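*Asks:* Spelled out, the chains give:
Protein chains: 2
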Amino acid sequence: KVVFCMLFLLLLCCVGGKCELQETKPAASAELPTVNPIKPFDHGPQAFPEEERANLPVFTMDYPRIQVPFEFTLWILLASFAKIGFHIYHKITIWIPESCLLISIGLIVGGIMYSVKEEPPAVLSSNVFFLYMLPPIILDSGYFMPTRPFFENVGTVLWYAVVGTLWNSIGIGLSLFAICQFEVFGLQDINLQENLLFGAIISAVDPVAALNVFEDIGVNEQTYIVIFGEGLFNDAVTVVLYNMFSFLADLPIVESTDVFLGVARFFVVAAGGVLFGVLFGFVAAFTTRFTHNVRQIEPLFVFMYSYLAYLVAECFAISSVLALITCAITMKYYVEENVSQRSCTTIRHVVKMLGTVSETLIFFFLGVVTITTEHEWNWAYILFTLVFAFIWRGLGILVLSQIVNPFRTIPFNFKDQFGLAYGGLRGAICFALVFTLPDTINRKNLFVTASIAVIIFTVFIQGISIRPIVEYINIRKTNKDLMTINVEIHTRVMEHVVCGIEDLCGQWSHYYWKDKFKKFNDRILRRILLRDNRAESSIVSLYKKLELQNAIDILDTPMGDISAAPSLVSLRYVLFV
Amino acid sequence: KVVFCMLFLLLLCCVGGKCELQETKPAASAELPTVNPIKPFDHGPQAFPEEERANLPVFTMDYPRIQVPFEFTLWILLASFAKIGFHIYHKITIWIPESCLLISIGLIVGGIMYSVKEEPPAVLSSNVFFLYMLPPIILDSGYFMPTRPFFENVGTVLWYAVVGTLWNSIGIGLSLFAICQFEVFGLQDINLQENLLFGAIISAVDPVAALNVFEDIGVNEQTYIVIFGEGLFNDAVTVVLYNMFSFLADLPIVESTDVFLGVARFFVVAAGGVLFGVLFGFVAAFTTRFTHNVRQIEPLFVFMYSYLAYLVAECFAISSVLALITCAITMKYYVEENVSQRSCTTIRHVVKMLGTVSETLIFFFLGVVTITTEHEWNWAYILFTLVFAFIWRGLGILVLSQIVNPFRTIPFNFKDQFGLAYGGLRGAICFALVFTLPDTINRKNLFVTASIAVIIFTVFIQGISIRPIVEYINIRKTNKDLMTINVEIHTRVMEHVVCGIEDLCGQWSHYYWKDKFKKFNDRILRRILLRDNRAESSIVSLYKKLELQNAIDILDTPMGDISAAPSLVSLRYVLFV
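Line order of the protein sequences matches chains A and B.
Residue numbering for the first sequence follows UniProt numbering, starting at 1 and increasing by one per position.
Residue numbering for the second sequence follows UniProt numbering, starting at 1 and increasing by one per position.
Because the hints were derived from the structure by calculation, they are not lab data.
For clarity, every value in this text was computed on a predicted model and none was experimentally measured.
Fair warning: there could be bad hints in the mix.
Same chains, same names: a pair is fine if it fits in one copy or spans any two.
What the hints assert, rightly or not - The list that follows gives simulated cross-link-like pairs (lysine-lysine, DSS-like), each with its CA atoms no further than 30 Å apart:
| hint | residue 1 | residue 2 |
| --- | --- | --- |
| 1 | LYS352 | LYS544 |
| 2 | LYS352 | LYS545 |
| 3 | LYS415 | LYS545 |
| 4 | LYS117 | LYS545 |
| 5 | LYS444 | LYS518 |
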């Protein structure tokens, strides 16, 4: 373990060294901008003095050429090392969420970079964030989304995501505007539109930050899926509000048509995202019908199509997050039946891996950029932002839960509601959005500082304290059962019974729609999208799923321990003898 | 299948459409260079006329923002579709190598792009090629390098790679210089250094092009590994010669010290590459000792470290290919014992996948750029280049084989030598190097054209004809045995016997060194690099390897057929009952 710490420090030094290297280099690199410049090795012992320069150099060095991929790789490596480090001393991660630790490391690295006057890495520009770092995380969330609990709670999720986010944005925006009217605080130059814009930015709950905390605690499935879903689906609202308010921020008067257009735009953004997602999901599933001869590149299609869905949605400024989630949910079922099991393992592992790396990097950079960015500190504005963000979130959950509870089979009790409210952490999306603000906004730096304050506060204070609080007030914990065929058969029977009773009463609940979709799926979709489309009972498919899980578990045994695991070769032998 | 063709055409149209879109867009995109510009949807029905522009737009579009990743994804998808297409009609790929088909498709796409006056994609600049597209291929080659045959033939491989490449470069360079002296051809302005530089570029055998052909044919292991190794290891020579000649091309007189420095540089380049590779390989293996708590990101380290080895080598202008191969060979053994089997599957599949995609893209772009680049056609120079490349290759193999044959256990007969000579295809490395030439060289375009001519000639004529010729002259075919524990035990016993006899005779052959390394490995390396370093007999490790293969094969059964495969759940049951 000591060795490992040394390794980590070495890498830190390496990054530091690189920074200095970079600073002393620009003069040298500027004079030789050709592709393959041959120049004497200018660090370490100078093998050839200046006058012999005409000779063929034995050592050459060309750092600028490899700078971008090299530094990118180093950052990833540094973040990965941090992750390994936390898990070696895994007592830490029980009480402090990984996100906090990563931000702390980021703060330290940022401090080092600040002290050597190094430029912050260009990596957390908002374009890089939205085009390269966010998609892997969303794909990860969408691909491993627990489908059944999600569809059972879809109404509640959408209710919190849409109305809750609107409520928070407008509430925080208006309250802050009220604060700005007091002359003592020196904030009169911030107008209503800018406050609302800031409110929209700050009100989006981040799925990554929240999940990072909730996954470890093991709260009940309903609370978990609502937090998760809210984080993912409030993207549509945030995008619309952000575009609308930043559009309005330039206008002196707001017409009523703009409000109607805003509502229209919300539906375009949401429906467009879902549409693109479903479309690309089906095309992806259809493509994997034909990949049985090119198994090596099979997993590629999952990544390419989901990324395309995301990019196309970004291009038309509709909800790219919605598009990617829908695409992942749509294709998962069909793709996994079409591809080989090895490809399936690879797809799952790579999706998880990319998601984890992106997430790690984002928290890490959040720490770095917190130090290296320009700040404008205003006690009043920042404190009131914190207070309002907290109050409006709590009020929102309280009011919205009272409205939604009568429609739920399992209503949220007060403890659950507290969990929902307290789990509303802000994270990287908020951070990236505030950096996207146009420079025409005078107090942009103040908004940046206030956003970072809210993020750090929620991630650190709420993130660290949520575990003890959840355990103290005794919120219902996870109610996941071990999946067995027996449970599945009983659930299925109950569903059919409920469906029949509802039919008799003349009610169409989600069981009815589920039944309809199942028929449509068996008759049409499976025939088009699957290579081997034998209509199979879902019990058999569950059995297959369990077996696949089993095979993967066997593969998960570390190589060194395989002699301990039941031998596959001998097992097969036993069966055939 | 018809549906698939339509899909493919659709994508072609899509790329075409994109090109036109791009051409009609610059005016629109130039006026709004902000990060998140809100501008009316300017394709399809114009929802809002110009005078209402002040309203909140319901549709917006921002293509330039997503252009780079979007086009990159589309290219990959196009190449993948081409690959699927070939394998659907798999009768084609039996007689025509995939590389030829890909180049042909590339030529067609290039033709379309040329006809709509589209700029060629910036993707095949030499920097992109060397920093992003070559590493996955080399990693693939290095990671799946058959270790035993390679180390048994390492002397021959190095002999052909080093001396053969020197022979070809100098031979072709000098002959072409002789041709340039004839006034009829109008080539007097090409001096000796430029000819030698061109010779160095054109003499490097490409591992990708050659392997693509040889893998399908199944020639004997010795010929295969020599062609493979030569392609991989001539990189060191090519890099040195290229740098030396392009340095000398600027100088009027060549001093004798330069030649000595050139030789010194060769050793620096080769030894440095191997050193960096081994270093990074060991660090990678050491890191995976600690990853058992972060299984999700385990595969990442393999990619990060090997890429770092490559980049650092590129930075110091030493042989990056050697560094990457050595790194892959070094770490493979230790990493695969440290990581979980799921990670192991993922690593292998992703390495293969990235390699395949890069390879596909390279051949594809080779076709595209052939059409879209500027050419200078000179019948004499191009024809003589073709002839000399062919003659010097043949002569070189003939002469070098006579020298190396007495030292080989299985000497190369004339048929093998013909296979070696005829299999010397030129490919993408040659192509990328010629584009790296500085613009100070007057006849750069002629060199580009001549290189492309040689590549197209060797890949198409030699690539297509090699299979019938190999079958006609009846070259020894593959002699791979099915790996069983029985074979392994006997080979091991024979090796020990040979080692003992050699010891008695006072000879130190590679068996002696193998034995020494084994002891060193067991006593020191395994203790440092492996988490679970029980010294185990190599028979047990072979057994494990076979079992892993077995487990992976089971996973390879398509999802739909798992009921046909022996059930893992029930198998385990049988064992425990």
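*Asks:* How would you classify LYS117 and LYS545 at a CA-CA limit of 30 Å: within, between, both, or neither?
*Replies:* neither (54 Å within a copy, 51 Å between copies)
*Asks:* When Cα atoms must be at most 30 Å apart, do LYS352 and LYS544 count as within-copy, between-copy, both, or neither?
*Replies:* Answer is both; intra-copy 22 Å and inter-copy 27 Å each pass.
*Asks:* With identical chains, the pair LYS444 and LYS518 could be close in the same copy or across copies; at 30 Å between alpha carbons, which is it: within, between, both, or neither?
*Replies:* neither (51 Å within a copy, 64 Å between copies)
*Asks:* I want to check one pair: LYS352 and LYS545. Are their C-alpha atoms no more than 30 Å apart within a copy, between two copies, both, or neither?
*Replies:* both (19 Å within a copy, 26 Å between copies)
*Asks:* With identical chains treated as interchangeable, where does the CA-CA distance between LYS415 and LYS545 reach 30 Å or less: within a copy, between copies, both, or neither?
*Replies:* neither (35 Å within a copy, 53 Å between copies)
Checked against the numbered hints given earlier, this structure breaks hints 3, 4 and 5; the rest are met.
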